[in-house]
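Protein chains: 2
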Amino acid sequence: MTGATARGRGRPSRTESAGTRDRILAAAREEFSERGYEKASVRGIANAAGVDSALVHHYFGTKEQVFQEAVEAVFAPALKAPDVIFEGPAEGVGERFARFLLGIWENPVTRTPLLAVVRSAVTNEMAAAVFRRLVAAQLLRPVAAQLGRSDAELRAELAAAQLVGVTLMRYVIKLEPLASADMEVIIRRVAPVVQEHLTGP
Amino acid sequence: MTGATARGRGRPSRTESAGTRDRILAAAREEFSERGYEKASVRGIANAAGVDSALVHHYFGTKEQVFQEAVEAVFAPALKAPDVIFEGPAEGVGERFARFLLGIWENPVTRTPLLAVVRSAVTNEMAAAVFRRLVAAQLLRPVAAQLGRSDAELRAELAAAQLVGVTLMRYVIKLEPLASADMEVIIRRVAPVVQEHLTGP
Chain A
-14 MTGATARGRG RPSRTESAGT RDRILAAARE EFSERGYEKA SVRGIANAAG
36 VDSALVHHYF GTKEQVFQEA VEAVFAPALK APDVIFEGPA EGVGERFARF
86 LLGIWENPVT RTPLLAVVRS AVTNEMAAAV FRRLVAAQLL RPVAAQLGRS
136 DAELRAELAA AQLVGVTLMR YVIKLEPLAS ADMEVIIRRV APVVQEHLTG
186 P
Chain B
-14 MTGATARGRG RPSRTESAGT RDRILAAARE EFSERGYEKA SVRGIANAAG
36 VDSALVHHYF GTKEQVFQEA VEAVFAPALK APDVIFEGPA EGVGERFARF
86 LLGIWENPVT RTPLLAVVRS AVTNEMAAAV FRRLVAAQLL RPVAAQLGRS
136 DAELRAELAA AQLVGVTLMR YVIKLEPLAS ADMEVIIRRV APVVQEHLTG
186 P
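As they're listed, the protein sequences go chains A and B. For the first sequence, position 148 (counting from the first letter as 1) is numbered 133 according to my numbering, and the numbering increases by one without interruption. For the second sequence, position 107 (counting from the first letter as 1) is numbered 92 according to my numbering, and the numbering increases by one without interruption.
Worth flagging that the hints you see were computed from the coordinates, not collected in a lab. All C-beta atoms, glycine included, are put in the ideal place defined by N, C-alpha and C. Careful, some of the hints might be misleading.
DMTMM-like, lysine to aspartate or glutamate: derived pairs with alpha carbons at most 25 Å apart [unchecked claim]:
{"hint": "1", "chain 1": "B", "residue 1": "K65", "chain 2": "B", "residue 2": "E76"}
{"hint": "2", "chain 1": "A", "residue 1": "K24", "chain 2": "B", "residue 2": "E80"}
{"hint": "3", "chain 1": "A", "residue 1": "K159", "chain 2": "A", "residue 2": "E49"}
{"hint": "4", "chain 1": "B", "residue 1": "K65", "chain 2": "B", "residue 2": "E15"}
{"hint": "5", "chain 1": "A", "residue 1": "K48", "chain 2": "A", "residue 2": "D68"}
{"hint": "6", "chain 1": "B", "residue 1": "K159", "chain 2": "A", "residue 2": "D7"}
{"hint": "7", "chain 1": "A", "residue 1": "K24", "chain 2": "B", "residue 2": "E19"}
{"hint": "8", "chain 1": "B", "residue 1": "K65", "chain 2": "B", "residue 2": "E80"}
{"hint": "9", "chain 1": "A", "residue 1": "K159", "chain 2": "B", "residue 2": "D136"}
{"hint": "10", "chain 1": "B", "residue 1": "K48", "chain 2": "A", "residue 2": "E49"}
{"hint": "11", "chain 1": "B", "residue 1": "K24", "chain 2": "A", "residue 2": "E80"}
{"hint": "12", "chain 1": "B", "residue 1": "K159", "chain 2": "A", "residue 2": "E49"}
{"hint": "13", "chain 1": "A", "residue 1": "K48", "chain 2": "A", "residue 2": "E80"}
A few chain B residues facing chain A, derived, Cβ under 8 Å [to be verified]:
{"hint": "14", "residue": "A33"}
{"hint": "15", "residue": "L87"}
{"hint": "16", "residue": "V178"}
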């Protein structure tokens, strides 16, 4: 799903176009973060990147496709999740999943663009579809595959639901005492739940 | 927090004003549901209710206050939660909480306005503050009070987080297989988790 290879014919040179493409992608992340999916526009992204709108379409296609690639960039850290989660003793799976996902949210650098993606996905069906595809394909399905059970996908989703609910209430709604609670306290509470969902009877 | 009593001086008659007030509130729920907090306007609410904007301000005050009252109406079913949850044997608390909250989301009549509130709260800080106050005051704090432990509020929030995550992934993002899973299957999986958060060691 890198896109550049498929759509990159006719580019001036490999290096120059890679730079332009990255600049557009960075501008897109910024635009989607600040304005959300609905208000963001290809023209706005082009302006911010200092290129013509046609070049944005050339590299990425439609606004939905630019969004998809911007979100993929945001999701890149989550790609490592399945490896991280299953590296180590089986009884630590829950804690490693909790620590990994909350860690992404705890760090402002990874939190800000993720927050923008979540906001877009909650308010716009197109953005929700992109989010759904990515979360399913790149995060939950690989986790489920490692579990190797018939109901593994539902298990992975229920485990993720606990963590998603915590991140939403802690970082988005900022409900107290959860918002100010120590990360380790939260992990101690949710790790057994995540473990139970993933590997329980 | 009914507002009408405090702000209702100078109304033409008790019956007529109650009718007008309810009509404005219904229009506000509609407007916030369709357009979200940010795009909704007092003028739009007034138009939909067939009254002057001044009358909306007279009854409710600012847009934030209209939103708060509209959300309170949406939250009315949740007011019953603490009673419902703690009515019956202690070991059924988790299941009753899960069944109650998922039941509100499963019913399209209660889901639609709730969805609008959640969307507004996720994208707008003012709406988040209203959501935070109501969820904390009317749902989680009464539940925590019944638990009567020092960390009861955090427990109630972590239990709610599991359910909020499930509702978000099932009804908003519509991630499969969770979106199509049988309600009873989900309750069977999350009830022990909610129970553990609320009453576990």
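Hints and how they fare:
1. B:K65 - B:E76: Given pair K65 of chain B, E76 of chain B holds - Cα atoms ~19 Å apart, limit 25 Å.
2. A:K24 - B:E80: violated (41 Å)
3. A:K159 - A:E49: Not OK: K159 of chain A and E49 of chain A at ~30 Å, beyond 25 Å, violated.
4. B:K65 - B:E15: Given that 25 Å is the threshold and the Cα spacing comes to 23 Å, the pair holds.
5. A:K48 - A:D68: violated (32 Å)
6. B:K159 - A:D7: violated (31 Å)
7. A:K24 - B:E19: holds (16 Å)
8. B:K65 - B:E80: Between K65 of chain B and E80 of chain B the Cα gap is close to 15 Å, so the pair holds against 25 Å.
9. A:K159 - B:D136: holds (18 Å)
10. B:K48 - A:E49: violated (33 Å)
11. B:K24 - A:E80: violated (41 Å)
12. B:K159 - A:E49: The given pair, whose Cα atoms are some 18 Å apart, holds under the 25 Å limit.
13. A:K48 - A:E80: The hint is violated at about 37 Å.
14. A33: Given a least distance of 21 Å, the restraint on A33 of chain B is violated.
15. L87: violated (12 Å)
16. V178: At about 5 Å, which falls below the 8 Å cut-off, the nearest Cβ of chain A leaves the hint on V178 of chain B intact, so it holds.
The structure is inconsistent with the numbered hints 2, 3, 5, 6, 10, 11, 13, 14 and 15, although it conforms to all the rest.
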